[in-house]
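Chains as they are written, first to last, in this note's numbering: chain L, 716 to 834; chain D, 465 to 1357.
One or more hints might be untrue.
To be verified - Not close to chain L: a few residues of chain D, all C-beta gaps over 10 Å, as computed:
#1 Ser744
#2 Leu891
#3 Val1003
#4 Pro1048
#5 Gly1300
#6 Leu1312
What the hints assert, rightly or not - Below, a list of computed lysine to any residue pairs in the SDA-like style, where the Cα atoms sit at most 20 Å apart:
#7 Lys790/L - Asp481/D
#8 Lys748/D - Asp649/D
#9 Lys790/L - Thr466/D
It is worth saying that the hints were derived from the structure and are not from the lab.
By construction, the Cβ of each residue, glycine as well, lies at the ideal position given by its N, Cα and C atoms.
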Amino acid sequence: MDTAKLEFLRGTLDVLILKILVWGPLHGYAITNLLRRQSDDALLLEEGTLYPALWRLENKGLLDAEWGLSENNRKAKFYRLTPEGRRQLRHEVRTWEAYAAAVAKVLGATHPPLPEEMG
Amino acid sequence: MTPIPLWRRYSRLFGPDPAADVKDELSFHLQAKIDDLVIQGWAPEAARQEAERQFGDLRAVQQIGVRIGEKMERRKRLKDYWSDSVQDVRYTFRTLGRDPSFAAISILILALAIGTNIAVFSVVNTLLLRPLPFPDSSRLVWIAPPPTGCGLSCATYSADAYEEFREQSRVYQDVTGYMAFTTPDNLRLTGRGEPEPATSIEVISNFFQVLGVQPVMGRLFTAEESRSGSHSIALLANAYWRRQFASDPAIVGKAIELNGAPVTIVGVLTDSFDFGAVFSPGAKVDLFTPLDLNLERDWGNIVTIVGRLKPGVTGAQALDDANRIAPNIYFNVKYPQTLGRYKGDLIPRPLKDYVTGKLRRSLIALWCAVGTILLIAGVNLSNLLLARAIARAKEFAVRGALGASRGRIVRQLLMESLVLSSAGAVLGLGLALMLIAWLAHQGSVALPLLSTLRIDGQALGWTVLVAVFTAMIFGLLPGLRIASGNLQEMLKDSGPGAGLGRKHERVRAALVIFEVALACVLLVSAGLLLRSFVKVLDVDLGFQPDRAASIKVDYDDSAPSEEASQAKRGEIFQQIIARVSALPGVQAAGMSDYLPLGPNREWDSPVPKGKIFSPGELPAPLVYVITPGFIRALGIRMHGRDFTWADGTHGERVVLINASAARVYWPGEDAVGKILMRGQEEDRVVGVVDDVHEETVEGGTGSQIYYPVMQQGPASAQLVVRTSLPPATLAASVLRALRELNPKQPSAEFRPIQTIVDRAVSPRRFFMLLVAAFAGLGLLLAALGIYGVISYSVTQQGQAIGIRMALGASVGQVQRQVLTSTLRLALAGMVLGTLGALAVARLISSLLFATSSWDLPTYLGMALALLLVAAISGYIPARRASGVNPMEVLRSN
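Same shape as in the complex, but just chain L (with noise of 0.2 Å):
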């Protein structure tokens, strides 16, 4: 696997989790194919990635989780985002948004920055 991309899925994986829980609790199996939906197979390279990082999230106490059963009646592990969860993910995606805008910037500069004037 391109190490270069899984660092990458690394820091963001945690915070699509979030969001795609934002629509109510899910399966493992359920957001899987919501992330491969909405980033149209881009993101996810191997769907085993996605449990350690739902663990991880519920150790912190970001998501809670609980039993229930699927739309063929299996028992499966639901994820839910916990109030802390949602703080989490708007200060998540305020940050990711600062940050987008201000690559979005530079990248998208027209003409040098004009010389910094010395006080």
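On the provided structure of chain L, position chain D as indicated by the hints.
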């Protein structure tokens, strides 16, 4: 998400299983994937392979899952336990708050028991367990001859012996010592207004280096400074520096005036060093000066020896080394025949052992006493909790029915006792702090290291230990009894006749009997110690301490020759005594250089004229150089005549001897008029005085000899005044009279002789008072225990009593019945306690003085006290019982 129906929740019946959870979760994922692939048209087997390929490393993920799961499970369990405990504590506060008088009494009992335990632990820790306050103090040894009857002179060494010992021994890093013959207030601090008395001690120049004592300012003495000819210097004790010189930061290098001569201060010692606390309990030493051994060579035994062993040297090796060199040591190198005088007399023992060894037994006894108090308090509390537990049986039954496990209920009960004992410990710590502060300032108690007493980390650790231990002993029994009981049984109305209640009552009665027995043991021990103390006070000291007081007198008898000096001294003393005797209220006055129960010395062994004794057969009597009138002033009985001022330098040489000496010299004859030979000098015995207790109140007495100041040189002068008024009222006029004759006279303390005696018996008084206080506490707790049980059983039997009274029982009959059951408990406890006391009394017999461990009055007194207390604590509930209104009782049920 749909919740799992009830019937499918069986899988985690036996507790959480993180590994299985992970497996379930992952297999659900794979299964769902396979289903989807099959729908898309994959063959089932190919679908499985594809699902696993897309998943990645299944086993690695599984491992991570198990690890995280276990971590979470652990944390959850801890959180549950904590929240349960918080709940228990909250519940405990609620239950205790509902019964504040129970809580208050329990906490008070615990505070008393735990507080005394902490205080005594601190004393024991300071005196016995903790090392002496010197670095590597385990290597410090005290070298002294085995104890004999001839006082300090036989417990010390000559200057030559010290030097030879230091040179020849091989096991010491260094050896030092100090001048043993120092009296309190031996100096006058002059040049600063009125002369003030000060106490100095001469130490060999390496003294502080050997002990490891550092100066806070300036320096210690150097080896050259104990040679003759060097100018006068001194080190200040920290307390003296603070008190007398207001902590003057520039004191080093300044000169002060002692006895009118300038002395330069070279340093101030650290606060942690208290010479008196270690070497002469209760005494304070203000300054230290270097001892010039050359000046002391011909003065006989004068120094004590303290050594610091090389690392790794054992006590046995030190003793071997001392025995090896003892034959090569001279008493005085000028006299070859004194070689080997110290054979068998050089015995090293740990300094710690010398300082506190004598107290070991007393301290252990004290420790046991407070341990017993703790046990009594624990039993008492156990009893109270048991009574409450029975009253709360229904509450526990309901909790049990609602799902609380037995473990949980026992935990709840233990939590209650822990909360109680913690509160008791906190209060007890406060109590101990007060006790310790008070004890540390008992300067008049001649116990070593007392001033260094404090509550330290170890004492705090002990507090926690005691609190938890107490909670265990008094919480576990009620807890276990509740847990072993049948909860269903309790849920039914457990009326007064119920079997469980009666069983509990038996347990409670047994506890009370045990408690009374313990109190009994304490009372007997305290009683025996009290009897011993009274016996000690009754000892005929050979002098009358009441209505006599002493003051140290300053005088100047310097004269060109010894004879002129003697004559001058005689005149000065005669003048002083005449002047003081003329004061109103003074019955007699006289002087001596040493007072009883203090320091002392011996010179040589006089021989009765015309008799032949084998060497070593005659004792070396303790020597006192006195003025006429001293014998009468101190109240010593005598026959023959006292010295008179006519017994001058040129008159016949006269002495007084004590009865013990007379018995040795002239057995069966009257010694008055006989001659004692000291070398060629003939001394006529003009009188025989009673034996005076010279060293201890409790020990025996040896030979004593008295010389007149006009014929021998006194070491100092202690004026003793016998008065018809309380001594304190004369202090000012005596001092004024002394000042008129000698303006240099310092304002020394006018000390009642009784305080000297009090000081000598102070350790015994100290231990006796403490043990007596603990016994009183034990008795009180036992009384509370009896009261609790009787009072409870009266409440329980209220109905029965009511019925009996309705059937015609009289008030007296009811009272008698309650009292009888009380006394039955007390008697059972006393029988058990007497047996215990007999055993314990044997153990403490070495602490007793002239009192048998079978002392009947003590046992009778104990029995009387216990019966009285039991009767009182039974009478109160008995009265209540007889006040029961039969109609009300019958109606209420």
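Right, here's what the structure says about each hint:
1. Every C-beta of chain L lies more than 10 Å from that of Ser744/D, the closest at about 67 Å, which supports listing it as non-interface.
2. Distance to chain L confirms Leu891/D as a non-interface residue, since its nearest Cβ pair spans about 41 Å, more than 10 Å.
3. Every Cβ of chain L is farther than 10 Å from the Cβ of Val1003/D; the closest lies at roughly 78 Å, confirming the non-interface assignment.
4. Distance check on Pro1048/D: its Cβ is at least 92 Å (rounded) from any Cβ of chain L, clearing the 10 Å threshold; non-interface status holds.
5. The beta carbon of Gly1300/D sits about 60 Å from the closest Cβ of chain L, which is more than 10 Å, so the claim that it is off the interface holds.
6. The beta carbon of Leu1312/D sits about 69 Å from the closest Cβ of chain L, which is more than 10 Å, so the claim that it is off the interface holds.
7. Proximity of Lys790/L to Asp481/D is assessed by CA-CA distance (about 16 Å); at most 20 Å being required, the pair is judged to hold.
8. A hinted pair counts as satisfied when its Cα atoms are at most 20 Å apart, and Lys748/D with Asp649/D qualifies at roughly 10 Å.
9. A threshold of 20 Å between alpha carbons decides the hint, and for Lys790/L with Thr466/D the separation of about 10 Å falls inside it, so the pair holds.
Consistency with the previously given hints is maintained throughout, with no hint failing.
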